[in-house]
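> These are the residues of each chain, in order.
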Amino acid sequence: MTTKRKSSFSALLLPLFLIIVTACAVDPSYNLDEKPIDPSVTLFQDGLTIPIGSSERIRLDTLIKRIQPAVDDYLVVGDDGSYTFCYDGSFSLNDQLKDLDLGQITSIDGISFSQGFTLHTDELDQNARSYDVDYTYTATLKDFPIELKELEEVVFDEVYLNMEAIFDSLPDDPKAAINVDLEIGLPSFITPNSISIKGTVADNRFAITPIKLEKISGVEIPENGSLEVEVTIVGQISANDENIDLSAFQKDIVMTVNASLQDENGKLSIAKARGKFSYDFSQTTTIPLNTLPEILKDDSMCIDLSNPRISLGLTTNVGIPLSGSLEIVPFVDDQPLTDNIITLENVVLPCSASASQDAVKAFCICNDKASVPAGYEFLKADLSKILKQIPDSIQIRIDANAGGGTSAVIEPKAQYKFDIDYGIRVPLAFGEDFYITADTEIDLSGVQAVTSMGEFGIKGKVVNETPLSLSVELNILDAEGEIIPQSKPNIISIDGKATSDIDVSIYSADKDRAIAKARLTISITAVSDEPVKPSECLQFIDLVAVAPEGLTIDPELLPKI
Amino acid sequence: MKRLRLISLIAAIMMSLGASSQSFRTGYFLDNYIYGYRINPAQVNDRSSLGLFIGNFDLQNASSVGVSSFLFPNPDGSSSLVTGLNKAISTDRFLGGLKNHNFVSLDENINLFALGLSDGRRMHTIEVNTRVMGTASIPKSVFSLLKSGKTGTYDFNGLYADASALADICYGYSTVLGENLSVGGRFHLLFGLANLNFRSRGSSVTMDEKAIVAGADMQLNASGMIGFHTNEDGGVDMRRIEFSPTPFGSLGATLDLGCEYKSDFGLDAMVSITDFGAISWNNKLSAQANASVEFKGFFSEGGNIKTDLDDLLDLNNALDYRVIKGRRGLRMMPCNIAAGARYQMPFWSGMTVGMLNTCHIGRASSWFETRIGVTATPVRIVSVTANLGLGTMGPTWGTAVNLHLGPVNIIAGADSFLSPLGKLKSTTFPINSFVENVHLGISFTFN
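Protein chains in written order, with the numbering used here: chain A, 1 to 561; chain B, 562 to 1008.
The following block holds chain A by itself, in its conformation from the complex:
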């Protein structure tokens, strides 16, 4: 075959080939030179579900320890298995008692007098060679403390009767020794109330050995606060020598008697006094609550508690029976919450028989007598209003008085004390006003690439054995902190004592605003009057993370190859 024929064959084959191959038309819809390809893809378009799983049964005590360990320190489990919030403390009024100076109300000025007697010459009994003495001294005890109404018994502390007689114009005859034989008569309420004085004058002076007074008893204090007492001196001043020349007694003899009933301080010091006092006692003490966890005092919390109670244990060795009122005033920011003041009337404080013994009395302040422990005196008051908003401090004001109708024992030198132990006991059963709110923000700026892929949500169930209801609102925020509207429900509601469904999502309805943060607003309320028990549990069941509309991948975010 010639080259020409070969060429002819080639010429025949080539067009045939071209006809066959190029006979196929180009669809302009798929002309990629003119049609760009949008590379964005959405995976799992019908919804991606990723299991999160089920949590363990989360006991409430475990949850509290994890979230608010400081609160856990104040929780005690009672016999019925429920929580009781406990806050204990103590304070004393000892310093205030020192300021009172109890000795003052039993402080009586000493009695002293100096009286001159004239022994007239013409009164000399020639036969008896004596002068008769019969003198009554009236003294007025005054300036009794107005609180003192009656002295039933007073034991003096080193109070002595001192007496001396100083004679003037006694004869010079050495034989003219003068004997003194007197009987001192004291008021009947003094023991001893008759003192015999015998002796011989020497150097124109006669002094007695100080006689210790024992006690005073049975003294009614007049209303004007002064008491007249009489001291009698009866007896004889005589010469003891029969051979004394009575003519030597030519002048009147002046006998000056100096006597006193007092201690070294000039007082009738009392070691112990039993009497009836009318005394007012008022003290205000502030108890700071700054050691409580801050969360309890936040404005976002309203602790509406069903039956809170405060126990007071009073220990004192004060012997004055006091009763009065007890006022509890909550303070917030140094301002009293006047609507929440609690006043308790007719509170009888403990009274000790002796400064060496303690008198103890316990009170339980609550609204329900049935919850008062044994050994406590019930004082009815609704404390819930104080604790709805935990104050910064509580001021306790005691206004007490001794009415004067009951005996009291005072030992002025004793170290008096008045200790008050308090305990706040709050069974955790909440009222209908109970709420706690809290906000927390989660930074999502680092996962914008993920959040921009589409809607994300969490579904599942939660079993809640506690009486606390939780509501969690999920809001998404942009970089400026403004809320971005969402097109899907964003609230989780977990009912107390119930099983609830969880269905919450993050889905921005405004694609022009990038999600920077998520804000969780948590609100907790309570099933009214249901006690909270640490064994009660929360459990999340079958949680799944969902992307209901899949994941849209922005090709700009993919790594460039």
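Among the hints, a few may not be true.
To be verified - Rough simulated footprint, nothing fancy, chain A against chain B, three-plus residues with beta-carbon under 8 Å:
1) 645 to 655
2) 673 to 681
3) 776 to 783
4) 848 to 859
5) 911 to 919
Said to hold, decoys possible - Derived lysine-lysine pairs resembling DSS-like cross-links, with alpha carbons at most 27 Å apart:
6) A/K497 x B/K771
7) A/K251 x A/K215
8) A/K497 x A/K385
9) A/K511 x B/K648
10) A/K417 x A/K385
11) A/K413 x A/K380
12) A/K35 x B/K648
13) B/K711 x B/K701
14) A/K461 x A/K413
15) B/K711 x A/K461
16) A/K459 x B/K711
17) A/K385 x A/K459
18) B/K857 x A/K461
19) A/K497 x A/K459
20) A/K533 x A/K511
21) B/K660 x A/K459
22) A/K198 x A/K251
23) B/K771 x B/K857
24) B/K648 x A/K461
25) A/K35 x B/K986
26) B/K711 x A/K511
27) A/K459 x B/K986
28) A/K461 x A/K488
29) A/K267 x A/K215
30) B/K660 x B/K648
31) A/K488 x B/K648
32) A/K198 x A/K215
33) A/K35 x B/K857
34) A/K272 x A/K369
35) B/K771 x A/K459
36) B/K711 x A/K488
37) B/K823 x B/K771
38) A/K272 x A/K215
39) A/K251 x A/K267
40) A/K272 x A/K251
Simulated from the structure, these hints should not be mistaken for laboratory data.
Predicted model only: the values in this text are computed from it and were never measured.
From the three backbone atoms N, C-alpha and C, an ideal C-beta is built for every residue, glycine too.
With chain A held as given, fit chain B onto it using these hints.
Leaving out everything else, chain B in the frame of chain A:
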């Protein structure tokens, strides 16, 4: 005559193009199609033929999906295209255009030598071919998972890829029995040159609200002229893999069988099976990966939140991977089963109508097709045929022209016309699924 034979031989050497088509199905409808024995080994040609070396190509490619299965005009009316994973394309629309097993297969047969010696009643054929074959199959579940992602089980067992190069020496014999029946067969001896095979079995992902369970058992085998060294633990040192010219270690054989009956009233019927056999690949390397992951969430057994997510995501715990010295692996070759009939019109002997059913059975790349065609041979030297087909890949049509110019046979045709096409720069590509076979060739016949 001898000169003409020599010229024919030379022409075949220099200019033969696509002369031998193993399954150029349109060729079945042609009268006196020289290489009809490749469809039906029972065919006995009237004359001997020869085809040599360059230009003999049989390019058969098929794809159960096209570009339109993955790229869609943007529903918003803009001029852009979007992928099937775009949110604008619904799940039903995207997955509805995919098959359970989506494959692309290539079967490029390069004929080096083809000789047919025939006396009209018996024919001997000898061929030497090289074949480059490739198949990649992705199950629909892969796309379902990516597109839908809803809870359920996604089975990835159909994930498969294979690339082979082999040499094929075959001998065929056909004979006419009696007046009407002819039978024949061809024996192919296969020499494996290189093979890379990947398969996944037992692989799946199950997703529900309680757990995500994923498992995989994958194997990659490689055979060919590669050498390697092993580590102390018996594993292959991946840093020391090198080219190593070694004798062929991979052998196989396939068989073609067929029979044809030519009735006296113009009806011809045939049935055949071709390429039925297997090849044993001497795998040099085998990479095996087994994975088992069960994710039940972020809580540990005790119900506490796992703190060590690294442990959760540690693939070392989930994946068992090793590369070892391979073993022999027997693999079936893709085969064809064909059944056809042709009927010569009683009113004109130059016209025949015919039907051909072809079933291609390949691992992860099977398809079926039925064609009906009409052939006209107005003059002895020209035969023209056209046919319409319908099958797994959808409707198609083919045509061919066969010129008998003395000792020279020229044929041009195609089993399908790739239309419509897409275009990127100077390259066109089919948009829809297709099975195409372009056939061009020259052969020389002689007595």
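> What hints, given by number in increasing order, does this structure fail?
2, 3, 5, 7, 10, 11, 14, 17, 20, 21, 24, 27, 33, 34, 37, 39 and 40
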